[in-house]
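Starting from the known structure of chain A, fit chains B, C and D with the ligands onto it as the hints suggest.
Protein chains in written order, with this note's numbering: chain A, 2 to 268; chain B, 2 to 268; chain C, -15 to 291; chain D, -15 to 291.
Take these hints with a grain of salt, some might be off.
[Stated by the list, open to error] These stretches of chain D come out as covered by chain A in the derived footprint (C-beta under 8 angstroms, 3 or more residues):
#, segment
1, 14 to 21
2, 53 to 59
3, 115 to 124
4, 159 to 168
5, 189 to 201
Calculated directly from the structure, the hints in this document are not laboratory data.
We put the CB at the ideal spot given by N, CA and C, even for glycine.
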Amino acid sequence: MSPAVLTEAAVVERSIPMAGAVELVLHHPTAAAAARAGQFFQLAVGAPGAILRRPYSVAWARPEIGQIGFIFNIVGTGSAWLASRQRGHAVDLLGPLGQGFVIEPGNRPAVCIAGGLGVAAFPAVVTALMAAGRPVVFLHGARTASQLLPVSRLQGAELRVATDDGTAGLHGSVLDLLASVAVSDVDVFACGPTPMLRRLIEVAQRLELPRSRVQVALETPMGCGVGTCLGCVTPRRGGGYLLTCQDGPCIRADRIDWDGMVDAFHG
Amino acid sequence: MSPAVLTEAAVVERSIPMAGAVELVLHHPTAAAAARAGQFFQLAVGAPGAILRRPYSVAWARPEIGQIGFIFNIVGTGSAWLASRQRGHAVDLLGPLGQGFVIEPGNRPAVCIAGGLGVAAFPAVVTALMAAGRPVVFLHGARTASQLLPVSRLQGAELRVATDDGTAGLHGSVLDLLASVAVSDVDVFACGPTPMLRRLIEVAQRLELPRSRVQVALETPMGCGVGTCLGCVTPRRGGGYLLTCQDGPCIRADRIDWDGMVDAFHG
Amino acid sequence: MADLGVDLGRGFRLRSPVLVASGTFGYGFDAPLVDRGALGAIVTKGTTLRPRDGNRPTRIAETASGMLNAIGLQNPGVEHVATAFAPLWKNWAVPVIVNVAGESIEDYVAVIDRLEGTPGVAAFELNISCPNVARGLQFGVDARLAGELTAAARSATRLPLMVKLTPNVTDIVAIARAVEDAGADCVSAINTYVGMAIDVRRRRAVLDRESGGLSGPAIKPLALQAVWQVTGALRIPVIGIGGITTVADALEFLMAGAVAVQLGTVNYSRPQAAREIDDGLRAHLEAQGLRDLGSLRLRQPIVASHA
Amino acid sequence: MADLGVDLGRGFRLRSPVLVASGTFGYGFDAPLVDRGALGAIVTKGTTLRPRDGNRPTRIAETASGMLNAIGLQNPGVEHVATAFAPLWKNWAVPVIVNVAGESIEDYVAVIDRLEGTPGVAAFELNISCPNVARGLQFGVDARLAGELTAAARSATRLPLMVKLTPNVTDIVAIARAVEDAGADCVSAINTYVGMAIDVRRRRAVLDRESGGLSGPAIKPLALQAVWQVTGALRIPVIGIGGITTVADALEFLMAGAVAVQLGTVNYSRPQAAREIDDGLRAHLEAQGLRDLGSLRLRQPIVASHA
Ligand SMILES: Cc1cc2nc3c(=O)[nH]c(=O)nc-3n(C[C@H](O)[C@H](O)[C@H](O)COP(=O)(O)OP(=O)(O)OC[C@H]3O[C@@H](n4cnc5c(N)ncnc54)[C@H](O)[C@@H]3O)c2cc1C
Ligand SMILES: Cc1cc2nc3c(=O)[nH]c(=O)nc-3n(C[C@H](O)[C@H](O)[C@H](O)COP(=O)(O)OP(=O)(O)OC[C@H]3O[C@@H](n4cnc5c(N)ncnc54)[C@H](O)[C@@H]3O)c2cc1C
Ligand SMILES: Cc1cc2nc3c(=O)[nH]c(=O)nc-3n(C[C@H](O)[C@H](O)[C@H](O)COP(=O)(O)O)c2cc1C
Ligand SMILES: Cc1cc2nc3c(=O)[nH]c(=O)nc-3n(C[C@H](O)[C@H](O)[C@H](O)COP(=O)(O)O)c2cc1C
Ligand code: FES
Ligand code: FES
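One chain only, chain A, in its complex shape (with noise of 0.2 angstroms):
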């Protein structure tokens, strides 16, 4: 596990990076330094009744500059609260914590596939791809055309678009998008709603696409983010739990009983 730290880092900006989402940036070096693609942080929040941090992705981290971006979208209490930080203000933070996604070097192809807001994880996904010399085709999903993450922010990837509504790229679901790539020999680094994970194994299957090769990042209620409230468990292929928080958030999809897998939240 990478240090954690528990510490307030300030908003150094906060951003509409695309529609229905905000952008925090904040600023603090030690945080930024550590963390990794993929792993997570809890951020406390003040709101009514709240009492549990709300975990979220890291972005991106730049360390040379000491600043960590988190890109969410308002979906209760807690995001509603965090959205109303503003440049200035403190925000509560204990990461970077969990399992992020497993880069080996080389130069076999890498395919992200982001669905929604899943795509908040991918920024900094892309970078450590690109550092690690990989080839990367991006296939991004989302609602509608101004739900999109914009280009700018996946430099260097390949990116191929897929809309529910059709304003742009393909029609339909990201998923959709996997029949164009080659996947004979790749790693797909997977991050949206559960459904759309569960999909992404069955179509995978008919690729035959094998699901060592598949790493998903995994959203499950947090207690505490570090081990110890055992409330965040997934499935074990083979019997058993994986703590998302600890195993994962980031999980090859081969270790995960897909059939016992329940999602809380979306759909």
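Then chains B, C and D with the ligands, alone, in the frame of chain A:
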């Protein structure tokens, strides 16, 4: 009862009238027009875990420009939340509620006694007394000079000051100032911590100032502010209880059983 | 247009499943901002045979997402209610349910006797969370006592009889069954949870009575659990109470099998909550294409056996 | 310098009255940010005879100022605890108390037997909120069952024995007395309150197990009331648990007569809460010029009769 409104009002100004206090100016013509000196509003707060509204006296109201002011100090989560409201934010208010001070026209001198934040209610009181043609002697006590409400906010009153640390006016309690006032034929309007009000009653006794000539603004916990929870009681002289939110908060001292009075908050 | 009507038994029908709970709406006169017509019914403050001054202050204290209260049943007594309030209720569109309290079975029966047949009184809710002076413990924590009290009240009135359960028990279902068997038309669940707060600066309990009843959003999960257990065991209708603040909260209780809900503490902070929740429930039914509230429940009700 | 030392009976002394509660600190290994030296003691996750996978997800849900959990006692089993964990605890400055769970008296005793005399295990806390498979109901809701279980555990160990009470009962004092009489050295109060949440969008209980245990600030007033009752009735020390988040919260429980406190849910949001509260208590004692924690209590303890 004056017609209460349940409404949102915009903060048009936030300032620091004196050390340790915050003033919020809200725009709401109906509320401004309805509020009487000594009445209060129940302000909703968005603080974590807070579910009850917070009672605040109307500091002043200017119907001609549709503004109403509140002056308060930070004692806990709710007032801290209110203090964080900025220009343009909305505040949810219910009021005006309860009985204000009874102010008869005429030239009998009025003696106002304000201890600590009790002064918050007095700009409106002084304005009303002036309008009624009453000469006003204003006894203003505070811990230290910087915590005194600026004279300009009490225009027209003859101001006498006492501070606990002697940094301004008399070195002592606001009640010590009473000795310097002719109380033979006056009306007293007092607001401050319950312990101060209790001492006032003792002093009045000694000065042979009849309780029927003393009106006090009380502070008790408030659940509803409208008479339904029965949580705000003040012991009634002769037995039973007064509802501070309905029979008060401004009550003639001879209606109260001072021995039964408890103070949940001060000292 | 979706039907929000509710039948509480004995032909007692309400136009809305949203009621205001006892002790949080007085006797219906002190909430000028509330459109009474939007309410399914008003449950009055606990009413006793003789007038009661109630407890000495401090009576209430806020806690995390909740509040403690120890009012001590301050009320003007049944005579005043019968002569001064009921005549006014008579002309209201909304039915008024009188919450009855006492220290002995005789007390309860006397209150009911005085109000039986009084125009304006639509039904009774028995607050069985009161201590029985004779036998030391609360009626509501002892199945036999609760049953006896309910039976006595039953034989004293032809009006709909609602019995309000206390959650401060090991087995609320046992109490609920006893009350059902004793002839209650419906039960309301739950009353407050016994709690306490200490003023560490003054080194004493915040409430003069030391302990008080906890209410508000904090108790919602506990109340929902209690209602889920009771609706799974009873044939008579159950009215859900406890921390309901939003439309979603109300839906949780209706899905748990309650036929209606009572709003308590929320009335203090949001006087128009009942209207908002009533509107929200109607909108939900229509959005979901449901005909009535019954179709919300997650489990089938236990149907009365016509043996 | 004020003395924050605590004696839990049987000569079991802690340097601080601030413990971390079972299920909120794992086995002490997963909180890198916590200075273990600041803790009075660590209470482990509930440990059973055989390893347990625990319940299917969803296991937790946030509620107003609280959270529900239904973990299902996921734990590696006593053998792993004895061989993999205890040897490491042996070298820690902070004592580790093993929380024991089971479905029969034999289960509990077997866990204790396996750990008795194992270096690194400082004491046992019996989680009696578990259902007794043989007799259908929880040990903790039945005074006789609770007494039998405690007596059996007592005869199995020489180590300090703490029994953790469940609050989901009509009369917690009766259970506490039975546990004291059966030989417990101290009691901890309380465990979680049974609650429920429904996902109205999915029309199903949020937790796979339907109901779960409510913890966090929401239950603090209820827990404090329970502790106030128990400290008023028992001679043995009482450890307060329930929603403690701040120094003031801890002071409330100590003033209510608890000799120490356990922090649970707050560990999730504020990993350094224990240290902060420990510091705060010391500062409070010094500011008030008090020599020890005992002088905080509002009532005199009941002294053991030396008859
Ligand atoms: C490892 C991880 C990384 C994440 N990264 C991002 C991100 O980069 N951007 C983003 O927009 N969202 C992300 N999420 C989802 C985000 O945590 C939730 O949207 C957020 O917790 C909602 O909180 P709320 O109070 O606004 O919603 P509410 O519905 O009010 O929250 C109620 C409770 O449910 C929990 N909860 C609700 N939705 C989720 C969810 N989808 N996952 C986990 N817990 C949830 C909350 O944490 C809270 O405890 C991530 C989740 C996880 C587990
Ligand atoms: C009729 C009336 C008029 C008031 N006018 C003013 C005013 O003009 N300026 C001002 O600064 N203060 C005024 N107060 C006091 C003000 O209501 C409290 O300072 C405020 O409620 C504190 O809330 P909190 O959440 O910050 O404190 P907390 O201590 O966190 O509040 C906890 C609970 O106690 C209640 N409470 C705490 N202190 C008081 C108090 N002194 N009186 C009543 N309830 C209290 C809160 O409302 C809340 O329910 C008035 C009180 C009353 C009853
Ligand atoms: C201040 C106050 C007074 C109450 N008085 C009564 C009462 O007289 N009789 C009764 O049966 N319940 C009484 N209750 C309990 C409520 O009717 C309700 O059962 C409880 O508050 C839980 O609902 P809530 O969480 O929505 O408030 C009272 C509650 C409060 C807060
Ligand atoms: C996720 C979770 C798991 C828990 N597991 C246990 C357990 O295994 N054994 C036990 O006795 N108590 C367990 N508890 C109860 C706590 O130890 C504590 O009694 C309760 O949470 C109340 O304290 P709190 O409000 O400070 O959290 C658990 C609590 C939580 C939140
Ligand atoms: S979130 Fe607590 S163990 Fe994973
Ligand atoms: S505040 Fe509720 S009756 Fe006065």
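| Hints breached by this structure | 3, 4
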